[in-house]
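K.L.:
Chains as they are written, first to last, in this note's numbering: chain A, 182 to 301; chain B, 4 to 133.
There could be a bad hint or two in this list.
[As the list claims (entries may be wrong)] Beta-carbon label-pair distances, calculated as ranges:
{"#": "1", "chain 1": "B", "residue 1": "GLY79", "chain 2": "A", "residue 2": "THR268", "range": "27 to 35 Å"}
{"#": "2", "chain 1": "B", "residue 1": "ASP68", "chain 2": "A", "residue 2": "ARG281", "range": "42 to 50 Å"}
{"#": "3", "chain 1": "A", "residue 1": "GLY261", "chain 2": "B", "residue 2": "PRO81", "range": "51 to 59 Å"}
{"#": "4", "chain 1": "A", "residue 1": "THR268", "chain 2": "B", "residue 2": "VAL26", "range": "48 to 56 Å"}
{"#": "5", "chain 1": "B", "residue 1": "GLN132", "chain 2": "A", "residue 2": "ARG282", "range": "13 to 21 Å"}
Calculated from the structure, these hints are not laboratory results. The beta carbon of each residue, even a glycine, is placed where N, CA and C say it ideally should be.
Now for the letters of each chain:
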Amino acid sequence: MFENIGIFKLAGRAMQHASQRQTVTAANIANSDTPGFTAHAVSRFSDQMEQGSFAIKATRDSHLPFSSSQPVSAKIVDTGQAVDLETQMLDAAQIAQDHRRALSIYKSTLGLMKTSLGKM
Amino acid sequence: MADLSQALSLSSSGLRLQSARLVHVSENIAHADTPGYQRKLLTVAQGRFSLGDAKGPEVGPIALDQSQPTEIYDPGHPLADETGHYTGTNVDLVIELADARAAQRSYDANLKMFQQAREMSSSLLELLQK
Numbered sequence: 182m183f184e185n186i187g188i189f190k191l192a193g194r195a196m197q198h199a200s201q202r203q204t205v206t207a208a209n210i211a212n213s214d215t216p217g218f219t220a221h222a223v224s225r226f227s228d229q230m231e232q233g234s235f236a237i238k239a240t241r242d243s244h245l246p247f248s249s250s251q252p253v254s255a256k257i258v259d260t261g262q263a264v265d266l267e268t269q270m271l272d273a274a275q276i277a278q279d280h281r282r283a284l285s286i287y288k289s290t291l292g293l294m295k296t297s298l299g300k301m
Numbered sequence: 004m005a006d007l008s009q010a011l012s013l014s015s016s017g018l019r020l021q022s023a024r025l026v027h028v029s030e031n032i033a034h035a036d037t038p039g040y041q042r043k044l045l046t047v048a049q050g051r052f053s054l055g056d057a058k059g060p061e062v063g064p065i066a067l068d069q070s071q072p073t074e075i076y077d078p079g080h081p082l083a084d085e086t087g088h089y090t091g092t093n094v095d096l097v098i099e100l101a102d103a104r105a106a107q108r109s110y111d112a113n114l115k116m117f118q119q120a121r122e123m124s125s126s127l128l129e130l131l132q133k
């Protein structure tokens, strides 16, 4: 329903990216005692944004430009380094923050939509 | 959502692994005075890793520590040989305690990830309530 609205798409992508990072970090921590296991990482969200983009249709010159990314799937990179619990926990805190931010954007946009429809 | 449930299953397999490690540690400590006991070690069989189909680590077969057991001098002991020594264990309590602490630290980290994934998925579900 909302997928065609750019900001919902963007927030949804950001949430999905956070979930993927959560999975990879969980795997790193779970495997911290596995011999030969090296830490994995997900490519950054901004890198995904830069690859392949589409722009919102501007029918007038006064329209603000807005471009967003087409789904580019996340890449997992093997860092080749041993799992360091401290770094992973730091990453986890960052992931929680990113996820919360994306969710807040989604919620407030939803509120904006409701207000514009006259439903408070 | 699928990613988060996968994160939950990965974290829970990490938790299972660490508790298995603690089982071995407590077994070793309990047997620290059993003559002839060999220290048990946990081995880890790595699960395949790829996004979408990741498997967590699994507990592998038990390995025995092959290091030399201590010879204890106690001429009155029923197992003592002619020199008055009997074979003790190769359990070192300091190593076991350090192992237990490492297991606990890892367990905490896995638990933290589990809780975080749960919070993330429940906050996603909250979107439906409005």
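K.L.:
Against which earlier hints does the structure fall short, listed by number upward?
P.N.:
1 and 4
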